[in-house]
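Sequences are here, hints too, so could you generate the full structure?
Residues per chain are reported as follows:
Protein chains: 2
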Amino acid sequence: MISYESFKKLEIKIGKIISAEKIPDTDKLLLLKVDFAEKAPRQIVSGIAPYFPDITNLVGVKCAFAANLEPRIIRGYESNGMILGVGGGLLRGDNRGDQITSHFSLLKVDDNAKEGSFVK
Amino acid sequence: MISYESFKKLEIKIGKIISAEKIPDTDKLLLLKVDFAEKAPRQIVSGIAPYFPDITNLVGVKCAFAANLEPRIIRGYESNGMILGVGGGLLRGDNRGDQITSHFSLLKVDDNAKEGSFVK
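These protein sequence lines are chains A and B, in that order.
Just so you know, numbering that gives the first Met the number 0 puts 73 at position 74 of the first sequence, and the rest follows in order with no gaps.
Just so you know, numbering that gives the first Met the number 0 puts 41 at position 42 of the second sequence, and the rest follows in order with no gaps.
Mixed in with the good hints, there may be bad ones.
In this list, chains with the same sequence are indistinguishable; a pair is considered to hold if it fits within one copy or across any two.
[Said to hold, decoys possible] Derived BS3-like pairs: lysine-lysine, alpha-carbon spacing no greater than 27 Å straight-line:
id, residue 1, residue 2
1, LYS27, LYS7
2, LYS7, LYS107
3, LYS21, LYS38
4, LYS38, LYS113
5, LYS27, LYS8
6, LYS21, LYS32
7, LYS119, LYS107
8, LYS32, LYS7
9, LYS113, LYS7
These aren't lab readings, by the way, just hints derived from the structure by calculation.
All values derive from a computational prediction rather than experimental measurement.
This is the structure in structure tokens:
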């Protein structure tokens, strides 16, 4: 159990994905540019590539991100936040390829929710 | 900024709303029963009534909840979690009634996401 005060220290914010590209020489990593209604979009690295065979489906999606985590460098790319999702997981395959162990979903909001808004 | 370790202490889980009713003599409070794939549904009190003129629209919705907050007693009802949303806010009105200051949205997942699954 955690206190409400601890919960409030985490900023979860709505971001709008404005671009998504695969990071070369990786299986799972995407480089996202995300609009949080800040001066400039943020760069966020995410391991969700297996769940989006067509990554153009991600562009325009408004969903929830952990927005005040310490920046991390992943494969040389700075990541300034973390996209939130449920499910997923990969079972490493043989010649049949990898299998996704449960349905993956982002935490999505209505289209008229505003990027940059805080989850509370 | 917070660390990834602090973030992980918060459990955000998907719940499926199985019932919603207005708490008598309140303007904003709903009593929700929410399925997290636990032994029994949890009772959760939430101040989202103004955003759902027809509360039957909430039944069946799968969305994100803070699931390990300390229980709270609200108007005599124990609440074992907090539904997450963005936007909303009320401007207290005069004879025209209250106005909602920005669109309110829950954090929704695909229908085939499983209740009880952890956001990560």
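> Which of the stated hints cannot be reconciled with the structure, identified by number in ascending sequence?
Replying inline: Of the numbered hints, all hold.
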